[in-house]
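Asks: Below are the chains, spelled out letter by letter.
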Amino acid sequence: MSFINYSSREINCKIVYYGPGLCGKTTNLQFIYANTNQQAKGKMISLATETERTLFFDFLPLSLGEIRGFKTRFHLYTVPGQVFYDASRKLILKGVDGVVFVADSQIERMEANIESVENLRTNLQEQGYDLDKIPYVIQYNKRDLPNAAPLEELQNLLNPKGIPHFEAVAPKGEGVYETLKAIARLILTELKKGT
Amino acid sequence: MQPQMVMYDEEFQQISAVCERLAREANAKIVFLVDKNGQLIASVGATENLDTTSLASLTAGNIAATGGLAKLIGEKEFSILFHEGEKDNLHISIIGGRVILVVIFDSRSSLGLVRLRVKKASDELNKIFDGLMKKVQVPGAGSPFAEITDDDIDNLFSE
Ligand SMILES: Nc1nc2c(ncn2[C@@H]2O[C@H](COP(=O)(O)OP(=O)(O)OP(=O)(O)O)[C@@H](O)[C@H]2O)c(=O)[nH]1
Ligand SMILES: [Mg+2]
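So the sequence lines, in the order shown, correspond to chains L and P.
Per the working numbering, residue 36 is the first one in the first sequence, and the count goes up by one each step.
Per the working numbering, residue 475 is the first one in the second sequence, and the count goes up by one each step.
Think of the hints as simulated: they come from the structure by calculation, not from any bench.
One should not assume that every hint holds.
What the hints assert, rightly or not - Cross-link-like lysine-lysine pairs, in silico, DSSO-like; alpha carbons within 27 Å at most: (1) L:Lys228 x P:Lys609; (2) L:Lys228 x P:Lys510; (3) L:Lys129 x P:Lys545; (4) L:Lys129 x P:Lys510; (5) L:Lys227 x P:Lys510; (6) L:Lys227 x L:Lys76; (7) L:Lys168 x P:Lys510.
Stated by the list, open to error - Simulated restraints on C-beta separations: (8) P:Gly571 x L:Leu82: 20 to 26 Å; (9) L:Glu85 x P:Met607: 38 to 44 Å; (10) L:Pro185 x P:Leu524: 48 to 54 Å; (11) P:Met607 x L:Glu87: 40 to 46 Å; (12) L:Arg156 x P:Lys609: 30 to 36 Å; (13) P:Gly571 x L:Asp165: 22 to 28 Å; (14) L:Thr84 x P:Gln487: 42 to 48 Å; (15) P:Gly559 x L:Leu186: 47 to 53 Å; (16) L:Pro185 x P:Thr540: 42 to 48 Å.
Stated by the list, open to error - Away from chain L, derived, C-beta distances all over 12 Å, residues of chain P: (17) Ile504; (18) Phe552; (19) Gly559; (20) Ser584.
Yeah, the Cβ is synthetic: ideal placement off N, Cα and C, and Gly gets one too.
Chain L on its own, in the form it takes in the complex (with noise of 0.2 Å):
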């Protein structure tokens, strides 16, 4: 839930980056944090195990500038994948904005993104949240794999709504970009309807 501050003139979003294992999310914010600017970054902080494989959360706070005199700050979160971790996925989900759905294009993995995306909608029930009416992006990440199935497939498989989608190369910073300014673009539109 966003929190605005009247007294600092900030307001704060959370974003929250979810997807299989090694779908690349925590290689998202790898790429945001080295690309953006030293004014406008935080820390990027990664709970993760000794095999770099996310173990609670990756955080990145983010400025992006002001609205209407308010400082917007973005908190960036990857949860960690792999199916065992649930417990901690749906802690940091509370309180989320928007999410950007990160699906590995992998034909291997499509088993994998369509059970992630079932455990994200499930989770976001538990909160109280439905995915068909927050804040939601897909990212369809490693098109650069020669086993990456076609984008229609994709499309019909984990994008049944028609929300904004992305194709990207998370460690080239393909589609990184653009898939952060979309969410934030929602979530912003988001708040001026004052929900």
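Given chain L, work out where chain P with the ligands should sit, using these hints.
Replies: For chain P with the ligands alone, kept in the frame of chain L given last:
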């Protein structure tokens, strides 16, 4: 879903005053308040060389994780956590089920003193947050963003 979190100048001043007094009376180095989603509300004390944004996010993560543990063993939540370090200690408590109060202190203070002062400050903070919530629920306390245009949003990304 949680209610929209809002902070106004009046309450911010009151909250900061309570935190400052707590820091003084408990001989603490740093006192800060975080909402359960990890957003920093206020911080006082020797915070110059401290990454308070990271601190806020990790504190909330910590509370979320121990809250999850509590539920597993049939507790509602653990309302107080204490971490003891070689020099500095962390006292973390949940206020009114919604905000997290963190006190960092060293050997110039003691757990007993911190506990005592935190208790008093918690009651005061609770009242302030109660008032804040009521203010927020009043209709017409609308978002300042109701007026923004698509252009405003575009401009944010053009820089
Ligand atoms: N070829 C290719 N590799 C990628 C891409 N995105 C991420 N990777 C690689 O995939 C591996 C896993 O990426 P992470 O970002 O750690 O995955 P994650 O989604 O955070 O995984 P969990 O933390 O386990 O949930 C890393 O070795 C990345 O370099 C991509 O677009 N193309
Ligand atoms: Mg990760």
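Asks: According to the definition I'm using, a residue is off the interface if its beta carbon is farther than 12 Å from all beta carbons of the partner; does Phe552 (chain P) meet that for chain L?
Replies: holds, 14 Å
Asks: Holds or violated: Lys129 (chain L) and Lys545 (chain P), Cα atoms, limit 27 Å.
Replies: This hinted pair holds, its Cα atoms lying about 16 Å apart.
Asks: Could you tell me whether the CB distance from Thr84 (chain L) to Gln487 (chain P) stays inside 42 to 48 Å?
Replies: holds, 44 Å
Asks: CA of Lys227 (chain L) to CA of Lys76 (chain L), is that 27 Å or under?
Replies: Holds, because 24 Å separates the two Cα atoms, which is no more than 27 Å.
Asks: Looking only at beta-carbon atoms, does the pair Gly571 (chain P), Leu82 (chain L) fall within the given range of 20 to 26 Å?
Replies: holds, 25 Å
Asks: Is it true that the C-beta distance of Pro185 (chain L) to Leu524 (chain P) lies inside 48 to 54 Å, as the hint says?
Replies: holds, 50 Å
Asks: Taken at face value, is the distance from the CA of Lys510 (chain P) to the CA of Lys227 (chain L) at most 27 Å?
Replies: holds, 24 Å
Asks: Next pair to validate is Lys228 (chain L) with Lys510 (chain P); report whether the Cα-Cα distance is within 27 Å.
Replies: Distance of about 24 Å is within 27 Å: holds.
Asks: Once the closest CB in chain L is found, is it more than 12 Å from Ser584 (chain P)?
Replies: Fine: 30 Å to the nearest Cβ keeps Ser584 (chain P) off the interface.
Asks: For Gly571 (chain P) and Asp165 (chain L), compare the CB-CB distance with the range 22 to 28 Å and indicate the outcome.
Replies: This hint holds: roughly 24 Å between Cβ atoms.
Asks: Just tell me: holds or violated, for the beta carbon distance of Gly559 (chain P) and Leu186 (chain L) against 47 to 53 Å?
Replies: holds, 51 Å
Asks: Can the restraint linking Lys228 (chain L) and Lys609 (chain P) be considered satisfied, given a maximum Cα separation of 27 Å?
Replies: holds, 19 Å
Checked against the numbered hints above, the structure violates none of them.
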